[in-house]
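Each chain, written out:
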Amino acid sequence: MPLYHDEDQAMLADSASQFMAEEGSINKQLRHWRDRDCKDGFGHELWKQFGEMGFTGILVAEDDGGLGMGHVEAGIVLEEIGRNLTPSPFLTSSVLAATALGQASDDLRGRYLPGLVSGDSVFAVAIDEGAKHRPERIKTRAEKSGNGFRLSGKKDFVIHGASADMIVVAARTSGADDDADGITLFAVPKDVAGLSQVAVRLVDSSMATHLTLDGVDLDGDAVIGEVDGGREILNRMLNAGRIGAAAEGAGVARGAMDMTIDYLKQRKQFGKLIGEFQALQHRAAHLYSEVEIARAVVIKAQQLLDADAPSAELMVSVAKAKVSKVAGLAVREGVQMHGGIGMTDEYDIGLYMKRDRALQEFLGDAYYHAERVAQISGY
Amino acid sequence: MADLDTFRSETRAWLEANCPEEMRQPVRDEEDVYWGGRRATFKNEAQKSWFEACVAKGYTVPAWPKDYGGAGLDAGEAKVLREEMSRINARPPLSSFGIWMLGPALLHFGTEEQKKHYLTQIARGEIRWCQGYSEPGSGSDLVSLQTYGEDQGDHWVVNGQKVWTSYADQADWIFCLVRTDKTNKYQGITFMLFDMETPGVSTKPILLISGNSPFCETFFDDVKVPKDQFVGEVNRGWDVAKYLLGHEREMISGAGGGDRTAAIGAAMLRHAGELDPMLRAELAMFDVDALAYSAMGEKFLDEIKVGKAHPAQPNTMKYAGTELNKRRHELMMSAGGSRSLEWDSEETGGGKPSRGWLRTKANSIEGGTSEVMLNVISKRILDLPGS
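Chains as they are written, first to last, in UniProt numbering: chain A, 1 to 379; chain B, 1 to 387.
Next comes chain A alone, as it looks inside the complex (with noise of 0.2 angstroms):
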């Protein structure tokens, strides 16, 4: 398959693109919402809308009334989110959640997913514990309680974990903490008493929260897939997150770039437009090519994944570490070339560094993602 989109895709990156820049846009949402110290850190009048142009269900199977499409397509909206900054909970409901609840039950998707296609539901992940992503250690236990599990343990940088109506936890049903098997996914109720979550905005206006689960009832079927099997479904469900925050954050990079070198064809210093400076046009030039790099193994970790080839593992964590490098580099040197201007909270240039802060960390920055490379090449 050739590494750039096909018609019909290039129509959806036309029509996400107009959207997320009417729509979506920094003014209009992120700002919006932030000044404003709302609770969700997005509008849910925006999600609605998501949901008309059918984004909501790109991942979802077109049996349970989505679009099922790919991450090709999923990536494609991402990129255009990342370039406009539009907080919603795509990632975390339509890609995140969305793939484990493919794998679940009739009842479950039953349940869930014509709220997520139609935009009214929010969806969260809770997977990490502690302040790094180490999905390979899971504490949380889930001991069998009757007809269903009671679940116990603390759960860290939960995406629109309080706005979420239900919320997909990993827990450990059999084994020892770092053991690959015996973990279980749950789908748990917002309102389901022993949950409790501590919310805290993130550098980026974002919400998460930390979460425990205090004894937690729930029958057995909130399990999503089979009991002590999670763990290809949390797999699944990690590369679908990941390369979709990669793709995120490409939109970052490019969205932060295509500001900055705006910005050198308009500031003049000395006499001259800043962008004749070959000291910047260098910097410019290197930052152009990275980015550039960076699109391209997103796509073609996205085509992999959409093809379920072997390889596909590995290029999703070369895609998350490249792209956590190179958005890194775009939104440094766009806050240095744009001067003291770009250390004002006028000036959008610093809101992409600090999306792109959050955006590396999420499921693995890009030492995680590296050290992952080694060890799929065997090294």
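Calculated from the structure, these hints are not laboratory results.
Don't take every hint at face value.
The list that follows gives simulated cross-link-like pairs (lysine-lysine, DSSO-like), each with its CA atoms no further than 30 angstroms apart [stated by the list, open to error]:
#: 1; chain 1: B; residue 1: 379; chain 2: A; residue 2: 265
#: 2; chain 1: A; residue 1: 265; chain 2: B; residue 2: 204
#: 3; chain 1: B; residue 1: 242; chain 2: B; residue 2: 204
#: 4; chain 1: A; residue 1: 272; chain 2: B; residue 2: 379
#: 5; chain 1: A; residue 1: 272; chain 2: B; residue 2: 185
#: 6; chain 1: B; residue 1: 352; chain 2: B; residue 2: 379
Chain A is nowhere near these chain B residues, computed Cβ spacing over 10 angstroms in every case [said to hold, decoys possible]:
#: 7; residue: 47
#: 8; residue: 77
#: 9; residue: 107
#: 10; residue: 148
#: 11; residue: 201
#: 12; residue: 235
#: 13; residue: 313
#: 14; residue: 383
Here are the simulated distance ranges between beta carbons [stated by the list, open to error]:
#: 15; chain 1: B; residue 1: 212; chain 2: A; residue 2: 178; range: 50 to 58 angstroms
#: 16; chain 1: A; residue 1: 311; chain 2: B; residue 2: 242; range: 34 to 42 angstroms
#: 17; chain 1: B; residue 1: 347; chain 2: A; residue 2: 6; range: 35 to 43 angstroms
#: 18; chain 1: B; residue 1: 4; chain 2: A; residue 2: 18; range: 17 to 25 angstroms
#: 19; chain 1: A; residue 1: 176; chain 2: B; residue 2: 333; range: 37 to 45 angstroms
#: 20; chain 1: A; residue 1: 15; chain 2: B; residue 2: 2; range: 30 to 38 angstroms
#: 21; chain 1: B; residue 1: 333; chain 2: A; residue 2: 262; range: 37 to 45 angstroms
Don't be surprised by glycine CBs; every beta carbon is placed ideally from N, CA and C.
Starting from the known structure of chain A, arrange chain B on it as the hints suggest.
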């Protein structure tokens, strides 16, 4: 699609029958590469039979028209052939600046007569070409070149000096940028072709830091060049040169990519036995960059085929690919430790690691320096002012 499947099975069978086992081994040294030309000799029977089979089939230049010695393959078929050759590790039957550089220029700018004559010679490996571009005073600023061809009616008399002429001492003919109008910088250069045996041509190899001499200084002392031996138009050779530089940059950028050699961490562990943690970390970061770059190479080729690639994108490929290749060899030297310092020991195949490492330093100089690539990206892709 069905046609391509048929073509693939036919190609596979043809390769099976015609590519000798010895030609399916990695290229180990310069002797394993067949460059053709008047003075060429084959290293062994296998190299000869593989080359001859490919000439007969048009597979030295598979995508060129049959009339000019090619096989007339379309883009899809050419890709299948590449894939099938790469599947069995088949070596290129013929390496040549004629194929990589002069050929594309002639296909684009040449007359029918020139194509029939020169392209066929190239396809059959009869003439080995070298490129006369750089001069002692004209490196990155190539267009300032001074080698001058004085109009003498039916011929030019060429005087001057070229430098970095690859394998000029072994080449039969040269394609050469010569100033024919001193009053017009860009539109005063002619793209000439002439025989290296013409009286007045002399070459002198340049010893490099790698201890090898792949490049020469080439001197022209009253060299007579017939007036019909040029490509394109008289005084419009810069157009041809620019077109060709694009090809050269694609070719050099290829040195940094390729799926087979993209990631090196695992090979370095096998080679070294163990890796220091910090070196392992650097290798992992390198592998991330290398695998990502190979995705860009693939994307670039896909986009070129359908005209989606930015015309200046080869500059991006060249810049990123050559910088990556230099980093690759730095890491290989570190992983190899003191063994990789050996200059001529048998164990290192005559100092391959160190000589190879030094050779890569030219990657970001030849065919346009990294700094020139960044200038071109700034100007033509990013549209930055005044550059």
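The hints, checked one at a time:
no., hint, in the structure
1, B:379 - A:265, "holds, 12 angstroms"
2, A:265 - B:204, "violated, 48 angstroms"
3, B:242 - B:204, "holds, 27 angstroms"
4, A:272 - B:379, "holds, 16 angstroms"
5, A:272 - B:185, "holds, 27 angstroms"
6, B:352 - B:379, "violated, 39 angstroms"
7, 47, "holds, 34 angstroms"
8, 77, "holds, 16 angstroms"
9, 107, "holds, 24 angstroms"
10, 148, "holds, 31 angstroms"
11, 201, "holds, 38 angstroms"
12, 235, "holds, 31 angstroms"
13, 313, "violated, 8 angstroms"
14, 383, "violated, 8 angstroms"
15, B:212 - A:178: 50 to 58 angstroms, "holds, 52 angstroms"
16, A:311 - B:242: 34 to 42 angstroms, "holds, 38 angstroms"
17, B:347 - A:6: 35 to 43 angstroms, "violated, 52 angstroms"
18, B:4 - A:18: 17 to 25 angstroms, "violated, 37 angstroms"
19, A:176 - B:333: 37 to 45 angstroms, "holds, 42 angstroms"
20, A:15 - B:2: 30 to 38 angstroms, "holds, 35 angstroms"
21, B:333 - A:262: 37 to 45 angstroms, "holds, 42 angstroms"
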